[in-house]
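Go ahead and model the full structure; you've got the sequences and the hints to work with.
So in numbering that gives the first Met the number 0, the last spot in the first sequence is 564, and the numbers never skip.
By construction, these hints were calculated from the structure, which means they are not laboratory data. Certain hints may be false.
[Unchecked claim] Using 20 Å as the maximum straight-line C-alpha spacing, the simulated DMTMM-like pairs for lysine to aspartate or glutamate come out as follows:
#: 1; residue 1: K76; residue 2: D140
#: 2; residue 1: K386; residue 2: E315
#: 3; residue 1: K94; residue 2: E141
#: 4; residue 1: K33; residue 2: E141
[What the hints assert, rightly or not] Listed next, with one range per pair, are the computed distances between beta-carbon atoms:
#: 5; residue 1: D214; residue 2: A460; range: 15 to 23 Å
#: 6; residue 1: T365; residue 2: D227; range: 46 to 54 Å
#: 7; residue 1: R62; residue 2: K33; range: 34 to 42 Å
#: 8; residue 1: A561; residue 2: G188; range: 21 to 29 Å
#: 9; residue 1: E252; residue 2: R380; range: 24 to 32 Å
#: 10; residue 1: E217; residue 2: R534; range: 45 to 53 Å
#: 11; residue 1: A499; residue 2: L46; range: 19 to 27 Å
Note that the coordinates shown come from a computational prediction; the quantities given were computed from them, not determined experimentally. Each residue gets a CB set at the ideal place from its N, CA and C atoms; glycine is no exception.
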Amino acid sequence: MRLSQFHLATVKEVPADAEIASHRLMLRAGMIRKLAAGIYTWTPLGLRVLRRVERVVREEMDRAGAIEMLMPSIQPKELWEETGRWQKFGGQLLKIRDRKDGEFCYGPTHEEVVTDFARNELKSYRQLPLNFYQIQTKFRDEIRPRFGVMRAREFLMKDAYSFHLTPECLDRTYRVMYDAYARIFTRLGLQFRAVQADTGAIGGSASHEFHVLADSGEDAIAFASGSDYAANVELAEAVAPATPRPAPAAPLERVATPTQRTIEEVSAFLGVAPAQCVKTLLVRGRDGLVALCVRGDHELNEIKAAKLPELPGESELASEAEILAATGTRPGFIGPVGLPATIPVIVDRSAAALADFVCGGNADGTHCRGANWERDARLTRVADLRKVVAGDPAPDGRGTLSIARGIEVGHVFQLGQKYAEAMGASVLDEQGKARTMYMGCYGIGVSRIVAAAIEQNHDDAGIVWPEAMAPWRVAVCVINPKHDAKVAEAAETLYRELCARGVDAVLDDRGLRPGAMFADIELIGIPHRVVVSERGLAAGAWEYRRRDEAESRALGHSEVLALFD
RNA sequence: CGGGGUAUAGCUCAGCCUGGUAGAGCGUUGCGUUUGGGACGCAAAAGUCGGGGGUUCGAAUCCCUCUACCCCGACCA
0 MRLSQFHLAT VKEVPADAEI ASHRLMLRAG MIRKLAAGIY TWTPLGLRVL
50 RRVERVVREE MDRAGAIEML MPSIQPKELW EETGRWQKFG GQLLKIRDRK
100 DGEFCYGPTH EEVVTDFARN ELKSYRQLPL NFYQIQTKFR DEIRPRFGVM
150 RAREFLMKDA YSFHLTPECL DRTYRVMYDA YARIFTRLGL QFRAVQADTG
200 AIGGSASHEF HVLADSGEDA IAFASGSDYA ANVELAEAVA PATPRPAPAA
250 PLERVATPTQ RTIEEVSAFL GVAPAQCVKT LLVRGRDGLV ALCVRGDHEL
300 NEIKAAKLPE LPGESELASE AEILAATGTR PGFIGPVGLP ATIPVIVDRS
350 AAALADFVCG GNADGTHCRG ANWERDARLT RVADLRKVVA GDPAPDGRGT
400 LSIARGIEVG HVFQLGQKYA EAMGASVLDE QGKARTMYMG CYGIGVSRIV
450 AAAIEQNHDD AGIVWPEAMA PWRVAVCVIN PKHDAKVAEA AETLYRELCA
500 RGVDAVLDDR GLRPGAMFAD IELIGIPHRV VVSERGLAAG AWEYRRRDEA
550 ESRALGHSEV LALFD
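Rendered as structure tokens:
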């Protein structure tokens, strides 16, 4: 490609609200342009990068035995009603109507469509297993799109769906996909970790997320220091304290805390550590309110709470009015001591190990001191309810946890029979009996990977692409070609030689001043640069520089070519 | 959904409080001088001041309303 004939659209200024590096750099490099909130045009430059990612993903999916297909992005309501997700998916589902007033959605994911396809196509166990994938534009009407293509509403995703007769077979394909994902992110030159994950609303059993490690990541990941255990903090188990609960030593007393409601206020006022307090949250249960207790220095993990049998599958805090009606007091003064017997008290493992603790007194302006479980406070059940924090013991018993941030770029699930069951997708087994299929699903955020890669690979001058993702591998830059025809000629020759050898090269023949040209080439992150100039020609050398190195080197003609063999 | 903010030249933004001739930088076009780290000079083009309504002799500026976008929070895969 000759840049004089390309549409390179770098800009100097970027809106003040582009906060993270990848968003700013993608705008400055002219890779994307915003059309509406969370909706972006990929420019020719941006598309080149997107295609590189796609190519690696496609090659590895094919190698792993998946079969590419393409499903519609517009999907009929009826299919989504079969699984109940027309309602359950919520506001993220973009619903549209056609001219006959028929209802459709723009697909945020394709479990329904692929399961419908499978139930029509697959009749015999002998056709299984099969793994179908596609690379396609999805739309999720995010409440708050942000960070450019990192959290866009319209985005490019690779999604794969596998079908099996048995859970064992599903498990085998799941491992194959897991390995394929690791290869994809390795080939793309990304630092990543696979972590145990929550299965969320998509449902199912086993699940791993693949995260690109970056401080700007929206997810928190817990790592063990002594093993390769890694889990999303949503899922990471908070183990019970090693030391058992001490015997009560203090008498229960009620103390006046007229205006102190938060743990910070109460602990400061009474001169006790937050870790010696019990925080009580009332949530809506299946059958009236439920009390959840965690230690004052811990936070409730709502994902864990939602899985409690006492809760309706989601954890929603009770309103102030509900709390007042049930307990006679207001948030800030709730505690497990003397709570109405109709309210189950579920206590986190760490909170359950406390003795002589401080908690709400269930009366306005009152807290209890010297409270103890069983003796003073009812304890229905102990459960893992809290978010892990750095320094917690690792769930596998090997070392302690530390917390890092990551960007979720891939997710593999074992769906089990959830969708096949709901939609009646079955095949006949050896005995001629209908058997509901087992499914797995495997997603990769193709467009998000582009942003994630930039988060991990940039400097003050711009993007530093990993080789596999770069829009071009090498840039040939000509200095002042109009002044000396021999310089222009030499650059042209080098460019052609590189192309002839199959090297993806770009010739910057725009005739810009050197400063502007170098700034552009560095901004768009080309991994290798060769400068052809009058000065170099006189010395019989080319000036070569790697994007990730500070110094350039003088190389002879054949040495330059040899770099790319 | 709640709270806050923004909308002015192709882009990034001033001007609005305190009503009175539409501004800057970057970019673009032309001419000239330049050519190893985002050059310089001269000239020029370019705006229904987001839409609608109101107040006023007069509205980018004040008021109402609609729309879009952004931020914080809640919510949600």
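Subject >> Range hint compliance [Cβ, D214 to A460, 15 to 23 Å] >> reply: Taking Cβ atoms as reference, D214 and A460 lie about 20 Å apart, which means the hint holds.
Original post:
Holds or violated: 34 to 42 Å for the Cβ distance of R62 and K33?
Top reply: For R62 and K33 the Cβ distance comes to about 36 Å; the hint holds.
Original post:
Within 20 Å, alpha carbon to alpha carbon, are K76 and D140?
Top reply: The given pair, whose Cα atoms are some 16 Å apart, holds under the 20 Å limit.
**OP:** Starting from the hint 45 to 53 Å, judge whether the C-beta atoms of E217 and R534 obey it.
**Re:** Holds - the Cβ-Cβ distance for E217 and R534, about 48 Å, lies within 45 to 53 Å.
Original post:
Is 46 to 54 Å a correct range for the gap between the Cβ atoms of T365 and D227?
Top reply: Given a distance of about 48 Å, which is inside 46 to 54 Å, the answer is holds.
Original post:
Given a hinted range of 21 to 29 Å, is it respected by the beta-carbon distance of A561 and G188?
Top reply: Distance hint for A561, G188 holds at roughly 22 Å.
**OP:** Hint says 19 to 27 Å; check whether the CB-CB distance for A499 and L46 agrees.
**Re:** Distance hint for A499, L46 holds at roughly 25 Å.
Original post:
E252 and R380, beta-carbon distance inside 24 to 32 Å?
Top reply: holds (27 Å)
Original post:
Would the pair K94 and E141 pass a check requiring their Cα atoms to be no farther apart than 20 Å?
Top reply: holds (13 Å)
Original post:
Is it true that the CA of K386 sits at most 20 Å from the CA of E315?
Top reply: holds (17 Å)
Original post:
For the pair supplied as a hint, K33 and E141, is the alpha-carbon distance within the 20 Å limit?
Top reply: Given that 20 Å is the threshold and the Cα spacing comes to 16 Å, the pair holds.
In summary, the structure agrees with every hint in the numbered list given earlier.
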